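Knowing the structure of chain P, use the given hints to seat chain U on it.
Number of protein chains: 2
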Amino acid sequence: MKTVKQMIQETEMSKAYYQAVFGIEKEGLRVNDSGQLAVTDHSKKFGNRTYHPYIQTDYSESQLELITPPLNSIQESYNWLTALHDVVLQTLPEDEAIWPISMPMVLPNEKDISVAKLDNKADVLYRETLTRKYGKKKQMISGVHYNFELDSQLILRLYESQTEYTTLTSFKSMIYLKLAKNFLRYRWLLTYLLGASPIVDESFFTSQELPKKYVRSIRSSHYGYVNQSEVSVSFETIEDYVQSLQNMVAKGFLSEEKEFYSAVRFRGTKDAEELLTKGISYLELRSFDLDPFDSAGMSKGTMEFVHLFCLYMIWMDETATMKEIEIGEEMSQLTAMENPVSVSQFQEEGLELLKQMENMIHLTTDSEAASRCLQEVRNQLKNPTLTIAARMVQEIEEKGSYIEFALELAKQYKDEATKRPYNLRGFDYLEMSTQLLIFDALQKGVQVEVLDSQDQFLKLTMGQHVEFVKNGNMTAKDSYIAPLIMENKTVTKKILDSAGFHVPAGEEYTTIDEAKAAFWRYKNKSVVVKPKSTNYGLGISIFKQAPVKNDYEQAIEIAFKEDIAVLVEEYISGTEYRFFVLDGKVSAILLRIPANVVGDGQKTIKELVQDKNKDPLRGEEKHRSPLEKIALGEIEQLMLKGQGYTIESIPEKDKRVYLRENSNISTGGDSIDVTDEIDESYKKAAIRMTETIGAKISGIDLIIPDPTIPSENEQHGYTVIEANFNPAMHMHAYVYKGKGRRLTMEVLNMLFPELNEDVSSTGKTH
Amino acid sequence: MKTVKQMIQETEMSKAYYQAVFGIEKEGLRVNDSGQLAVTDHSKKFGNRTYHPYIQTDYSESQLELITPPLNSIQESYNWLTALHDVVLQTLPEDEAIWPISMPMVLPNEKDISVAKLDNKADVLYRETLTRKYGKKKQMISGVHYNFELDSQLILRLYESQTEYTTLTSFKSMIYLKLAKNFLRYRWLLTYLLGASPIVDESFFTSQELPKKYVRSIRSSHYGYVNQSEVSVSFETIEDYVQSLQNMVAKGFLSEEKEFYSAVRFRGTKDAEELLTKGISYLELRSFDLDPFDSAGMSKGTMEFVHLFCLYMIWMDETATMKEIEIGEEMSQLTAMENPVSVSQFQEEGLELLKQMENMIHLTTDSEAASRCLQEVRNQLKNPTLTIAARMVQEIEEKGSYIEFALELAKQYKDEATKRPYNLRGFDYLEMSTQLLIFDALQKGVQVEVLDSQDQFLKLTMGQHVEFVKNGNMTAKDSYIAPLIMENKTVTKKILDSAGFHVPAGEEYTTIDEAKAAFWRYKNKSVVVKPKSTNYGLGISIFKQAPVKNDYEQAIEIAFKEDIAVLVEEYISGTEYRFFVLDGKVSAILLRIPANVVGDGQKTIKELVQDKNKDPLRGEEKHRSPLEKIALGEIEQLMLKGQGYTIESIPEKDKRVYLRENSNISTGGDSIDVTDEIDESYKKAAIRMTETIGAKISGIDLIIPDPTIPSENEQHGYTVIEANFNPAMHMHAYVYKGKGRRLTMEVLNMLFPELNEDVSSTGKTH
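Protein chains in written order, with UniProt numbering: chain P, 1 to 766; chain U, 1 to 766.
Bound conformation, chain P alone (with noise of 0.2 Å):
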């Protein structure tokens, strides 16, 4: 028969050898500002667990599970689970925050650990079996699960290229049992560099006395989460491996299959007798401690090697016997109860590994990347103080404990998850309203898939409901027309105006000659000059008195420059606001004034700036946070020098000084949520405004002198300026001074409106 090693080869398949998928999922406790196992209920800002796809909790009420969906590579699923974390820890009480290593905090008596409080009564009854065979402390130990499945092309490719097997199911069964069992032959590696549970305090034992000494792993010893002794279950075929398991739960060793925790499980089927005629689609890696390293309890690199190393698993000519597979569970338990310093009793065969395979690597794809992945391994292997493991006993002896040591990661990392709440790491490459908008989604429990990142188009699902969303809030809620008539600035005024509602005086003009004929309607009034698209206010001319004829001439001509149609609009004064209107309401108003700075008195211009400038809302790169740092370029100091000042003149106590004329954020402006300020008689005609339009979504710009005083119908105290499709939503959300608004979840509201069902029926079972 032919190796697979030979079938990739000759397929020339060498590189389509490291495509998979990979799906993560992550355990961890929930713990509160004194270390102590945070009791509180999972929060239900969580949405629904019967259904959430990606936060869930496991044994306990207190124990997360985060959870990826498959991915096509190592380095989506691990933005997903930074992501994930980003989630929960925004959402958690500001006291709380994640374990990050495997072995529990100091916990409270067995009665006082709540079981997860879940809507189904299967899943109840067996975490109640669970606590009668192995108590409650010992399920609160929490790890990494590995999902791994190669490209099903792949699989098809090298099927076909051999004779041997003759269906493609038992092909692909025979791959992954391969796996399996030189995974459970040489685990012993990924528990010498992985292992990352030196210590547990004493109180976590009730039966079983605590090891000495530091060791590299207590959660993959036998102080761990396994088996009773009598389990013992086949690898030899997939039949073996069904009948024993069968055979377990019948004698009653185990209450169910999946009480079975080996280090490997064959996925993919309901229950173990589907695999005799589905076969295995993918396997589940069960052996990791959680990586305190790590915010995100496994780093890339690791997923990187364990990738390799699942591959070499098939790579490699030989095929684990049962006896080996024996052999090789042994050496995993002993490498568990090593001490973390010392070099590994394995080291001879672990050297040997990792030069078979540099071998595969330099056959297939000589990846450079995948190189040093292997050397970082390889000087783990010679120098043991490198592993994860006595790199914690080493940070464990300067904190004086592991609970310390522990407490103070998880509030490292639940302070960086929280102090950039616009950013989701992991999808920080697509625009802030997408990204809040994705937060939200995994948050309650909306699948979300990025269809594509540049266009910003997000897949939403629940169950058979499916919405598609681009850049934030462009969704099938709206109309084709609405964002077409708001595109278009001539259609919008006309449309509004002959609606009744306040639009600037003001034509459109395709020619020179036209345009200058109309002089006369121009000549009492302030006005503004403008091509009809306006491009970064190239050719516009405001007059803020009323023009004289030569000026005015001018300003057309200039237009036309830019344009082959000019606008000629009143010019309005008065602050101008945006109306986020959406679904029929006004969800938010926003206020933005030009950069500025209030004087103390004693700091300079500059030193003012420089302070307003640490907010962390105005980030460090253009366009990345919901404000922008004010500059000292040239533009703020001549607005500077205009009023008398230099960047180090002293401003007065309370004088607030402008270092810009337009109020663009993205120029340091500052934005203020007015939302509860403005009379309702603005919000209702923004509203109707919105409706006359046909939009669901719109930002309406208002020009208003006085917004306390309301607007009538004969005495319009707003002009209307524009609307916009498409409104920014992330400015809402985190604003200078005022009220954020959180309008990505009001979308999400629109999109699925049995998010709020189901929030009112946590009762039911789906």
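Keep in mind the hints are simulated off the structure, nothing from the lab. One or more of the hints may lead you astray.
Heads up, the list lumps identical chains together, so a pair's fine if it works in one copy or across two of them.
[What the hints assert, rightly or not] Derived pair list, reagent style EDC-like, types lysine to aspartate or glutamate, alpha-carbon separation capped at 20 Å:
(1) LYS477 x GLU467
(2) LYS477 x GLU487
(3) LYS278 x GLU562
(4) LYS549 x GLU10
(5) LYS411 x GLU680
(6) LYS133 x ASP119
(7) LYS2 x GLU160
(8) LYS137 x GLU620
(9) LYS489 x ASP452
(10) LYS653 x GLU449
Remember, it's a predicted structure, so these values are computed and weren't measured experimentally.
Same frame as chain P, now just chain U:
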């Protein structure tokens, strides 16, 4: 008191003075092939006369009345009038046209003339009264009514510049009353210029004697459509006018106020009484014969002169007294009865009027166009043979009878209006699909407003129901997200793929390395490598045979020069069909084949191309017709060379020779409607794809090797290549071969389902 002239000059409103609103009503009899009155019913295709704003019947069922909306320029008014003629002439049966002169053809017996079959009882009763009073035949005289309104801002500014009138209403009425009085005094000049009814068949008059010779205007003479002699209404003041008119009705001399056939009517109120409070809004000038030399019944030049004439009637210092009005009426009557080739008996007054008008122009806009217009008129005043009536007489003499003369013109205008049915004259600055949609709306009586011509933005209105349309089929019926999905090829493909439709296998890559590494996926397949956003085919490589590695990698590099993302897709062979899906139906399927000619064994390729290019569907200008002329440029000659031909080769009989590889219509390809020939299974698939995207309208491109073999779920007979938003409609309407499909009418019916309800309930009264 200030004169109007002074007001205009003082307020510098000279240019504004030429701003006005125009509306034309034009009557015309339907005539059949043999020059007889068409006694068929008003076509049901014109929708419902109860509300039709544009196409009505006047007195008789055979008497069309075409009505333009109020418009801001003469050019637009003339465009609309032309368009309405196009709509009517294309809708009438093939053997019917519009009689182009005011006096009727030889009429049938009175009993065979149907009074208009209207739903409204009062309208019918009024027509019965007219029949009794004037006889049916006199009611068949047709003419043009010219509605004229000054710019409202102008009136306001002039009002503000004076002190004598204390209400805007009284001021406005003064202006219009002055215009009316002077118009009645001087309208003889218009009778001279525009009189166009020199003769009528002797059967027309039953009780009166015929004029013995050619005259300028029978219609404007005492032979014409005039009130009985008892009718006398004062124009002295508004009050006098209202009182005397009401008096005439009270006395029974008039059956209703609207029976008063003055050359000027005051408009804008529901009855005369209301004039006392609301004042005059605009004037209706009713003294115009149909101009047979213009297909619209009145030329643009005439419209312009009438405008200048009206302005001068306001501008002049004097206002005609009642006595002078009587003189004016007499002068018009005398003029009407003059020999068309004789010099006007009032030539001197006419030349003086023109001189004063010239002066007005000089003092205001100094417009060259206006001066040219006056020069034209001056020529006609000096040389009577240039007048319409004189030119008619000459042609009537040549043809032998006025019936021959008029019938020939009627047929000519019919021909001109029908030979390019894909163009709607007056709106031919718009895209073809938008033209067709406007045509359909005008036909059915849906109100049309072009909100933005660059953007093809229409407002369509029926009663309270408003719909906006951009580019012919972008409407509120479609959702915002559907076109965004279709715009993004990757997203479309992902969505259709995951819904189980057959898309070309392939992936998107964002780095060259990643794309190259994926070579294994494609090395056994025909593939296309292309930049994600394709522009004019740049950067595309097609491998009809599976590529070798080097070529593949080169293709990847070429594609990445054009875009930051590259698609590698399975190459699909077969024929491509465009499925036009609308509202859950496949409305049309089009096959496009490359530019070609079919040999006859005699003609050269060059000659065959010339013949084929004579088809009126292949327009003179690019992109202005449903098909394009086949070129004989470099590309075509190369293509011929590849087949062993030159343009001088003579292909054998029935041999099809292709001149292009691509099947685009824009390069001379043929369009073939195959809607009825494609298996239902493909239509169902296209409909389900459109539903999956969530679209109402989509152009689905399927490649189908054999459309007679049904597509099955397991064995798709198609591959879906693209889903197009805003798919072209005109190319389905007028095809090279097969049945044309009127998709714009389907769009209209989708937007206004009430259009179909109306047709089935012609009996109801609104």
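Hints, verified against the model:
For a Cα distance limit of 20 Å, the shortest separation of LYS477 from GLU467 qualifies both inside one copy, at 9 Å, and across copies, at 18 Å. Proximity of LYS477 to GLU487 under the C-alpha cut-off of 20 Å is found in both arrangements, the shortest distances being 18 Å within a copy and 18 Å between copies. With identical chains, the CA atoms of LYS278 and GLU562 are never at most 20 Å apart, being 66 Å at best within one copy and 45 Å at best between copies. Proximity of LYS549 and GLU10 under a CA criterion of 20 Å is satisfied inter-copy only: 16 Å between copies versus 83 Å inside one chain copy.
Proximity of LYS411 and GLU680 under a CA criterion of 20 Å is satisfied in neither setting, with 44 Å inside one chain copy and 64 Å between copies. Within a single copy, LYS133 and ASP119 get their C-alpha atoms no closer than 22 Å, and across copies no closer than 89 Å, so neither meets the 20 Å cut-off. Within a single copy, LYS2 and GLU160 get their C-alpha atoms as close as 12 Å, which meets the 20 Å cut-off; across copies the closest is 101 Å, which misses it. Taking identical chains as interchangeable, the C-alpha atoms of LYS137 and GLU620 are never at most 20 Å apart, the minima being 45 Å within one chain and 87 Å between chains.
In this assembly of identical chains, the alpha carbons of LYS489 and ASP452 lie at most 20 Å apart only when taken from different copies (10 Å versus 29 Å within one copy). Taking identical chains as interchangeable, the C-alpha atoms of LYS653 and GLU449 are never at most 20 Å apart, the minima being 52 Å within one chain and 58 Å between chains.
Hints 3, 5, 6, 8, 10, counting from the list given before, are not met by this structure.
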